[in-house]
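S.K.: Take these sequences, add in the hints, and give me the full structure.
In case you want the letters, here they are:
There are 2 protein chains.
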Amino acid sequence: MKRLLLISTLLLFFACQKSVNMQQVESPDGTLSLTFRLNEGAPEYEVARFNRTIINPSKLGFVLKEADSLTSFRVTNSALTSFDETWTQVWGEKKEIRNHYNELRVQLQEINRPRRKMTVVFRLFDDGLGFRYELPEQPNLATFDIMDELTEFNLADDATAWWIPAYGWNRYEYLYQATKTSELDTVHTPVTFETPNGLFLSIHEAALTDYASMTLRNIGGTALKADLVPWSDGVRVKAQTPMVTPWRTIQIADDAGGLITSCLILNLNEPNKLEDTSWIKPAKYVGIWWDMHLNTATWGSGPMHGATTERTMRYIDFAAKYGFAGVLVEGWNIGWDGDWVKYGDGFQFTAPYPDFDIEKVTRYAAEKGVQLIGHNETGAAVLNYEKQLQDAFQFYEKLGVHVVKTGYVGNDPSIKRIDEKGEEQWEWHHGQFMVRHYRKVIEEAARHNIMLDVHEPIKDTGIRRTYPNMMTREGARGQEYHAWDPDGGNPPDHETILPFTRLLAGPMDFTPGIFDLLFDRARPNNRVNTTLAKQLALYVVLYSPLHMAADLPENYEANRKPFQFILDVPTDWQDTRVLHARIGDYVTIVRQDRHSDDWYLGSVTDENGRNLQTTLSFLEPNLRYVAEIYRDGADADWQANPYSIEIIEMLVTQNSNLTLRLAPGGGQAIRFRKASEADVQRLSR
Amino acid sequence: MKRLLLISTLLLFFACQKSVNMQQVESPDGTLSLTFRLNEGAPEYEVARFNRTIINPSKLGFVLKEADSLTSFRVTNSALTSFDETWTQVWGEKKEIRNHYNELRVQLQEINRPRRKMTVVFRLFDDGLGFRYELPEQPNLATFDIMDELTEFNLADDATAWWIPAYGWNRYEYLYQATKTSELDTVHTPVTFETPNGLFLSIHEAALTDYASMTLRNIGGTALKADLVPWSDGVRVKAQTPMVTPWRTIQIADDAGGLITSCLILNLNEPNKLEDTSWIKPAKYVGIWWDMHLNTATWGSGPMHGATTERTMRYIDFAAKYGFAGVLVEGWNIGWDGDWVKYGDGFQFTAPYPDFDIEKVTRYAAEKGVQLIGHNETGAAVLNYEKQLQDAFQFYEKLGVHVVKTGYVGNDPSIKRIDEKGEEQWEWHHGQFMVRHYRKVIEEAARHNIMLDVHEPIKDTGIRRTYPNMMTREGARGQEYHAWDPDGGNPPDHETILPFTRLLAGPMDFTPGIFDLLFDRARPNNRVNTTLAKQLALYVVLYSPLHMAADLPENYEANRKPFQFILDVPTDWQDTRVLHARIGDYVTIVRQDRHSDDWYLGSVTDENGRNLQTTLSFLEPNLRYVAEIYRDGADADWQANPYSIEIIEMLVTQNSNLTLRLAPGGGQAIRFRKASEADVQRLSR
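Respectively, the protein sequence lines represent chains A and B. Start counting the first sequence at 1; every next residue gets the next number (our numbering). Start counting the second sequence at 1; every next residue gets the next number (our numbering).
One or more hints might be untrue.
Stated by the list, open to error - Below, in silico cross-link-like pairs of lysine-lysine (DSS-like), each with a Cα-Cα straight-line distance of 30 Å or less: (1) B:Lys59 / B:Lys238; (2) A:Lys281 / A:Lys321; (3) A:Lys440 / A:Lys95; (4) A:Lys674 / B:Lys674; (5) A:Lys180 / B:Lys180; (6) A:Lys561 / A:Lys368.
Calculated directly from the structure, the hints in this document are not laboratory data.
M.R.: Spelled out as structure tokens, the structure:
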């Protein structure tokens with residue numbers, strides 16, 4: 001069947017090429033098809049699904065500096081190939097990933113002098129497509145500046161788009177908005193669309209390694225165009241051949257859940273480059289962090305300094321008692337005093353504050369079977385960080401620190417660079433300068449067996465496949481907005497949008513698990529805008545290989561029963577499925593533990609209560625499971641009664657039906673474990 | 001748990017009543033709550049779900065003729081009760097139905113003279129609510145005319161509404177439109193809503209037996225008001241105490257599929273009144289019908305007369321050969337010649353045309369184990385029909401005819417009535433005059449062991465529970481629009497809307513199964529706007545206890561393979577579940593045969609192709625089933641290639657995952673039957 005399909009595709013391809021300078025490629029299941037053609041020499045592509053156009057003819061090409069645009073070509077060669085392999089993730093939402101696509105490779109050469117060459121590669125998957133440009137080594141194109149990338153996504157339908165603005169000072173930390181595509185301005189990716197016909201699409205990019213981040217600008221109607229984030233000098237990308245661009249990706253699914261389970265972004269990244277990955281371990285951690293957001297401790301030195309030896313040792317005790325692998329300590333090193341957001345050059349990454357005995361702390365941690373998680377806030381002063389990078393990572397490695405959380409707080413464009421003339425320039429977090437930096441840190445970290453958790457990051461484009469020490473990152477509004485946002489924090493629908501937008505890019509360090517939801521003593525005008533059960537559900541709904549239990553130890557000790565779910569929930573999965581999906585309203589995800597037979601369910605809703613029906617068809621047949629259910633109490637309500645939670649156990653099988661009752665702003669978390677004979681006895685009574 | 005809930009509700013109720021003349025009742029699961037109150041004497045209700053108002057305060061009451069309005073009251077008594085029973089349907093979508101509600105009964109008396117009494121009864125189910133007015137026998141209210149019912153449905157959200165217009169000449173036969181609730185004019189029920197928050201509601205009525213049909217008029221913003229269909233003299237309802245109104249119903253679900261599986265309408269009807277139901281048998285039938293729509297035969301006499309003895313005997317042979325229970329014959333009786341739509345008084349219901357020997361035909365049918373299905377087109381001349389009704393049904397009963405299809409073709413308001421002064425008046429199909437007529441025919445039919453299939457009917461409000469000989473009805477645009485509609489027939493999304501609107505009321509005789517989709521020889525400018533596979537899927541998607549195989553026998557003989565699905569599919573079900581639901585886009589329904597272990601799946605899409613993922617968790621565990629799959633071919637498309645179909649068998653279990661590939665305008669039908677050892681051998685190869 002597969003063979004037949006390929007042959008028929010090839011026939012079609014040759015037939016078309018002959019007559020009209022047009023190439024076509026279909027997805028393996030034949031559902032999706034892409035047409036490449038030259039329109040008076042200008043390359044363009046078009047995408048159809050079930051024979052209906054979903055991307056109208058859309059331009060391809062570049063504008064270069066000091067040279068004509070790369071826009072007028074003839075086809076010199078083209079090739080159609082098929083690929084199908086299944087690879088194993090080092091860690092992730094799913095262990096085995098099938099990478100199955102048909103590829104169309106079109107080699108182009110300029111019609112006129114200097115006859116430069118460019119190749120466009122399209123990969124059609126059953127769940128979407130990716131394409132990229134390749135500029136081979138050639139006499140007339142060596143070193144060059146890209147002033148504009150002409151790539152368009154000319155959407156056929158005026159869909160509802162979920163988006164955040166592209167050039168805001170606050171990087172990726174905005175609330176998602178839903179508007180018509182035709183009403184967009186310039187937005188970050190992933191941007192996710194729901195068409196009036198019920199088709200779901202998400203545009204993003206894969207393997208962004210030495211290029212500018214692609215944002216999308218509305219150029220009229222429902223046509224979007226790549227808008228590469230510029231350097232301070234206006235150049236978008238400084239390049240030399242041979243080069244390949246990141247993949248431009250369009251994920252496509254008939255239901256919103258299909259976007260979540262798509263592995264297209266990972267499949268378009270290079271395979272793992274690390275030979276030894278035995279030191280890379282997904283884990284849960286606690287840390288000295290939330291206190292600072294509540295203003296009950298400080299990053300900087302002084303009487304309220306959070307990162308003291310003594311406090312850290314208490315956290316280590318807590319972590320050891322409950323089996324957390326790591327203890328994050330923020331504010332341990334010199335540089336936090338003064339306005340570090342503006343003047344990050346003061347950060348020293350190997351110099352602890354006097355009240356933080358890092359040798360003692362790491363020794364104590366090791367004795368307890370716990371690891372310190374290093375923290376490198378740079379204040380966006382990356383030159384300062386790069387100077388110290390190697391020393392810092394050597395220092396941590398020696399101390400047995402295998403996870404570093406980095407930070408790049410700074411109002412965009414706020415990255416200081418010294419240009420060729422020795423002058424200071426200010427770059428964006430998501431321009432090429434920083435893409436290079438983030439990549440450099442990953443590679444340096446890998447050399448020192450260090451896993452990374454990057455805050456204020458470049459957006460995720462799947463680099464974790466190539467460097468699986470790149471664990472998780474921020475790049476969206478996380479839990480801390482609840483602590484201090486003057487506008488009231490994240491509204492209850494925030495976490496029902498993230499899985500369909502930000503999380504399509506990759507894992508997020510959201511830092512869930514706040515139990516003291518109102519923290520009246522600390523900040524009476526702020527609160528967490530969820531129920532308690534929803535905080536638990538987020539551990540399943542928002543994937544991260546490093547998940548924090550973000551609240552203070554005393555709040556967990558005082559709520560031992562709900563805390564059990566955080567202790568149980570894994571951070572590395574065999575499989576992931578989506579049971580309910582409605583963007584901005586609710587989502588239910590189940591995941592199978594990679595290291596046991598347990599399944600975990602997380603379901604969250606927006607400000608509206610819901611009764612969601614589900615079967616448990618994901619469980620193994622013929623077995624009884626104990627469902628350990630953490631659900632909103634009958635009277636729970638994120639505004640009026642957020643703490644109301646019911647924790648019950650019941651016997652279930654694959655054939656059980658459950659109604660997930662989610663309170664307004666609520667959620668539900670369930671662990672399914674195989675029932676012992678004793679469980680059956682106890683729960684059958 | 002249940003007991004506790006009731007007690008707490010009672011406490012709440014008494015607490016509230018005491019202070020503010022307000023009563024409350026909750027659904028059994030506590031999700032839904034209704035508040036009744038007197039607002040300066042005027043009764044009103046309000047509905048909340050998960051503590052969020054979904055129906056804002058909405059008026060209740062009546063305007064009477066020659067008397068003050070029933071609008072200013074005090075509460076004299078109120079009672080809260082709970083009810084929970086499971087009853088068995090004689091036939092239907094589901095065998096066992098749970099009727100579980102909490103009831104609030106509020107007795108009211110006018111504050112001022114003549115101090116008339118009125119009771120409002122609310123029933124809160126987990127899947128919605130119903131309420132009705134009861135006017136007890138009382139000295140100051142005997143015979144009276146209702147000039148207006150004040151009932152409002154003041155929707156909290158401006159939802160998307162799927163509706164058809166209320167007072168069109170073409171009765172219920174319109175394409176559903178989707179607009180904002182705030183843009184509605186006056187609409188029929190069921191009218192179905194999807195709120196921006198993802199809540200689904202449908203407003204309708206139950207047990208409409210001697211009252212005017214309720215339509216809904218927009219009275220500003222998102223507030224809808226009952227607009228009872230008037231008599232020709234302007235009176236809405238001619239009544240006498242004691243009386244009860246129909247139930248006003250609001251079905252509510254978190255997903256659109258939940259509306260389909262709700263049994264609220266049936267639960268609000270009276271239990272079965274027929275002692276012997278052994279003669280009531282869901283069935284499939286063929287008939288002399290499609291030919292007339294194609295203009296290849298005529299209802300009236302002449303050379304092309306369809307209903308001849310000889311042709312009927314051929315249909316009987318065909319039915320007997322393939323196991324169809326019935327043969328419908330239209331145009332068999334005198335009255336069809338001339339303009340019968342205007343002058344229906346000529347119809348004679350016991351007088352066959354000379355070329356139709358009804359004695360011979362029914363005798364031949366009986367020999368072959370087949371029954372004739374009687375046909376009574378009235379041309380909307382109901383007085384003529386009522387005069388002959390008893391004789392007609394006696395005649396059919398004697399001939400062994402146990403199903404009669406009635407028809408009331410006529411442009412509304414077109415029902416002739418003779419008023420008290422002996423003058424002709426013209427009534428609506430859905431006014432009280434006709435409600436009474438339709439009910440009279442059901443009762444008369446029951447006396448003669450006759451099942452009914454009513455075309456141009458009053459809308460279904462669940463009377464089949466009380467009179468299970470009321471089998472199915474039309475009341476929407478059926479298949480025949482494809483034959484002759486000058487505007488091109490039903491668009492591909494029509495059948496993806498019907499299950500969420502018209503079919504919520506009850507079964508529909510859509511007459512699916514046209515195989516000769518283009519019928520170029522007959523009517524080259526018309527066609528069926530589906531693929532072949534979608535025609536099969538409709539047998540599952542659109543429930544009817546009497547389902548027609550509507551095409552000509554020769555088209556089935558020539559397509560024996562797809563025809564097999566029509567032969568296999570049952571018309572009476574043990575259970576029904578909805579796997580995918582998006583109103584106007586697609587729907588997948590599975591149903592379990594009531595008389596075997598088979599399951600059947602039907603999935604249909606609009607003009608867009610889809611890949612819908614599904615598990616088969618509805619199947620029994622630990623068994624292998626043969627899935628007999630009838631699906632769109634890889635190149636199928638309702639416009640370009642409607643006949644392309646793939647019919648395959650495969651072994652599946654409860655743990656199998658299927659991708660339902662639906663072509664544009666397509667569908668898929670599957671029979672799941674338990675696999676024999678031979679099946680396993682054959683299909684494992």
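S.K.: Against each hint, give a clear statement of whether it holds in the structure.
M.R.: Do the hints match the structure? See the list:
1. Restraint check for B:Lys59 and B:Lys238: the C-alpha separation of about 22 Å stays at or below 30 Å, so the hint holds.
2. Only pairs whose Cα atoms come within 30 Å are accepted, and A:Lys281 paired with A:Lys321 is accepted, the gap being roughly 19 Å.
3. Distance hint between A:Lys440 and A:Lys95 is fulfilled; the C-alpha atoms sit about 27 Å from each other, no more than 30 Å.
4. Taking the CA atoms of A:Lys674 and B:Lys674, the gap is about 29 Å. The hint holds against a cut of 30 Å.
5. Between the alpha carbons of A:Lys180 and B:Lys180 the distance comes to roughly 17 Å, so the proposed pair stays at or under 30 Å and holds.
6. Taken as a hint, the A:Lys561 and A:Lys368 pair is honoured in the structure, with Cα atoms around 24 Å apart against an allowance of 30 Å.
Violation of the numbered hints given earlier is absent; every hint is satisfied by the structure.
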